[in-house]
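Asker: One-letter residues, chain by chain:
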Amino acid sequence: MENQLFNYIIQHADNCLILSHRLSEWCGHGPVLEQDIAMTNISLDLLGQARMLYDYAAKVQGEGKTEDDLAYLRDAWDFKNVQLVEMPNGDFGQTIMRQFLFDTFNVTFYRELMEVSNDAELIAIADKSLKEAQYHLKWSSEWMLRLGQGTEESHTRLQNAANLLMPYANEVVIPSEADKVAAETGYGVDLNNVKAERDQLIKEVITECELDASLDGFSHTGGKTGTHTEHLGYVLAEMQFLQRAYPGLEW
Amino acid sequence: MEFNKLEIENLLEQVTDPEIPVISIRDLGILRDVKVDNNQVEVDITPTYTGCPAMSVIKQDISQVLNDAGVENVAVNLVIKPAWTTDWMTEDGKRKLREYGIAPPDPSSKVVPCPRCGSEHTELVSLFGSTACKSLYKCLDCKEPFDHFKCH
Ligand SMILES: [Zn+2]
Numbered sequence: 001m002e003n004q005l006f007n008y009i010i011q012h013a014d015n016c017l018i019l020s021h022r023l024s025e026w027c028g029h030g031p032v033l034e035q036d037i038a039m040t041n042i043s044l045d046l047l048g049q050a051r052m053l054y055d056y057a058a059k060v061q062g063e064g065k066t067e068d069d070l071a072y073l074r075d076a077w078d079f080k081n082v083q084l085v086e087m088p089n090g091d092f093g094q095t096i097m098r099q100f101l102f103d104t105f106n107v108t109f110y111r112e113l114m115e116v117s118n119d120a121e122l123i124a125i126a127d128k129s130l131k132e133a134q135y136h137l138k139w140s141s142e143w144m145l146r147l148g149q150g151t152e153e154s155h156t157r158l159q160n161a162a163n164l165l166m167p168y169a170n171e172v173v174i175p176s177e178a179d180k181v182a183a184e185t186g187y188g189v190d191l192n193n194v195k196a197e198r199d200q201l202i203k204e205v206i207t208e209c210e211l212d213a214s215l216d217g218f219s220h221t222g223g224k225t226g227t228h229t230e231h232l233g234y235v236l237a238e239m240q241f242l243q244r245a246y247p248g249l250e251w
Numbered sequence: 001m002e003f004n005k006l007e008i009e010n011l012l013e014q015v016t017d018p019e020i021p022v023i024s025i026r027d028l029g030i031l032r033d034v035k036v037d038n039n040q041v042e043v044d045i046t047p048t049y050t051g052c053p054a055m056s057v058i059k060q061d062i063s064q065v066l067n068d069a070g071v072e073n074v075a076v077n078l079v080i081k082p083a084w085t086t087d088w089m090t091e092d093g094k095r096k097l098r099e100y101g102i103a104p105p106d107p108s109s110k111v112v113p114c115p116r117c118g119s120e121h122t123e124l125v126s127l128f129g130s131t132a133c134k135s136l137y138k139c140l141d142c143k144e145p146f147d148h149f150k151c152h
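Protein sequence lines, in the order shown, are assigned to chains A and B. Heads up: the first sequence begins at 1 in my numbering, then just goes up one per residue. Heads up: the second sequence begins at 1 in my numbering, then just goes up one per residue.
Derived from the structure by calculation, the hints contain no laboratory data. Everything numeric in this text was worked out from a predicted model, so none of it was measured. Backbone N, C-alpha and C fix where the C-beta goes; we use that ideal spot for every residue, glycine too. Any given hint could turn out to be false.
[Unchecked claim] With a straight-line cut-off of 30 Å between C-alpha atoms, the simulated BS3-like cross-links for lysine-lysine are:
(1) A:Lys131 x B:Lys59
(2) A:Lys195 x B:Lys81
(3) B:Lys94 x B:Lys35
(4) A:Lys131 x B:Lys94
(5) B:Lys150 x A:Lys131
(6) A:Lys138 x B:Lys5
[Claimed, not checked] Derived contacts from chain B toward chain A, CB cut-off under 8 Å, selection only:
(7) Tyr49
(8) Cys52
(9) Ala83
(10) Val125
(11) Ala132
(12) Leu136
Full structure from sequences and hints, please.
Answerer: Okay, structure coming up:
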C-alpha cells in the first residue's frame, strides 16, 4: 500500500529542494551583488525547509534512510515536486515570477498547515518555516512591483515570464491523491482554502503590475505523480552527480 | 567530575556563534535547555533559520567545550519547537552586537539606528545580508554600510 503521509511530505520537500537548487544556480551570476546574495539566502532557507521535511519523511518511511538518501538517490520519476519549481531561471524577471508564484503558495500553505494539521511534527515544521516564507514573499512581491511598474523593458520581460509560467501556477493547488488523503485524515490542508487565499495574493500584485495574466487558464499537471518536464533530469544530474559517482562520499 | 546545571551553563558561555563570535549561544537565545544526570549532559539547541550552516559547528563546539572540561557524555539535540525568535535574544547580547557593529533587532522601533554613530538617519540597502539572520543598511550621516540583525 502507498504510504500517503510519506508522499505528502515528499511533495513539499521536493518543491523546496528543487527551487533551492534553481536559485543556487544564480550564485555568482546575480544582476547586482545584493540580489545575488538575496537569491542564495532564499536558496539556503528553502534547503533548510527541505531538510526538515526529508528528515521527517525518512522517519515516516521507516526504511532506515536519511535525508541525504532521499535527496540524492531518487530518480526523476520519484520526485513529486510541481513542474513550476523545475522551470529554468531564464532572465531575472522569469526567476522573480517563478519565486512569487511559489512564495504565495508557501506562505498560505504553511499558515493553513499550522492551523489545521493534527500532526505535531508538520505543525512544528510549518511554524518554523512560515516566517522565512513570508520574508521571501516580501522580497519577490517587491520585485514584481518594481519590474512590473518599472520601464517598458522590465514590464515586457515580466509579461513574457507570466506568459510562460502562469500555466504552471495552479498545479500546486490541484489536489493529488496524497493531498486528498492528507486533508481527509487531518494531517494535511484543504487545498481549496489555500488556493482562495493564495489567489488573492497573486491577483493583487498582478493587477498592480498591470500584467495580462489569469489563474483561470489551462494548467499543466503531473509533477506530483512523478511526471516532469525535460528540465528536472538536468537539475538532478548536476545535484546528484557526486553521490552517484562516489556513493557515500562525505565532506 | 560532577557538574551541576549552572556550572554547565557557565561553561557554555564560551560557545559563540561562529559567524558572530562576540555573542554566545545563550545571548542569541538558541540554547533552550540543559539537563544534567550524573555525568550525562543533554543540551537542547534550536536553529535560528532552518538552513543556518552554523548549527553543525555550534553542535561540535558544545561537545568540545564540555569534553575539555571533563564531561564525558554529551548529547546535543536540535529542537525546532517552539520556533526561535529574536525576542529570545538577551539585552546583553544586543549590546554586544551593537558594539561589534551590527544593529540589534528591535521590534518596537521602525528605524534602525547606525551602530557606529547612533544616527537614526539610515536606509535599507537590501533585505538580505551576509548571513540568513541579517539585512544590509547604510548610514546617511557617517556614510558607512552596516548589518542589521533582522527581527524574526
Ligand atoms: Zn552612522
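Asker: Please go over all the hints and tell whether each is borne out by the structure.
Answerer: We went through each hint and held it up to the structure:
About 24 Å separates the Cα atoms of Lys131 of chain A and Lys59 of chain B, which keeps this hinted pair within 30 Å; it holds. Restraint check: the Cα-Cα separation between Lys195 of chain A and Lys81 of chain B comes to about 27 Å, which is no more than 30 Å; the hinted pair holds. For the proposed pair Lys94 of chain B and Lys35 of chain B, the alpha carbon gap of about 26 Å is at most 30 Å, so the pair holds. Between the alpha carbons of Lys131 of chain A and Lys94 of chain B the distance comes to roughly 21 Å, so the proposed pair stays at or under 30 Å and holds.
Simply put, Lys150 of chain B and Lys131 of chain A have alpha-carbon atoms about 12 Å apart, close enough for the 30 Å limit, and the pair holds. A threshold of 30 Å between alpha carbons decides the hint, and for Lys138 of chain A with Lys5 of chain B the separation of about 42 Å lies outside it, so the pair is violated. For the restraint placing Tyr49 of chain B at the interface with chain A, the shortest Cβ-Cβ distance is roughly 6 Å, inside the 8 Å limit, so the hint holds. A least Cβ separation of about 7 Å between Cys52 of chain B and chain A falls short of the 8 Å threshold, and the interface hint therefore holds.
The beta carbon of Ala83 of chain B is positioned within 8 Å of a beta carbon in chain A (closest approach about 4 Å), and the interface hint is therefore held. For the restraint placing Val125 of chain B at the interface with chain A, the shortest Cβ-Cβ distance is roughly 6 Å, inside the 8 Å limit, so the hint holds. Proximity of Ala132 of chain B to chain A holds as hinted, the smallest CB-CB distance being about 6 Å (cut-off 8 Å). Using the Cβ-Cβ criterion of 8 Å, the hint placing Leu136 of chain B at the interface with chain A is satisfied: the shortest such distance is roughly 7 Å.
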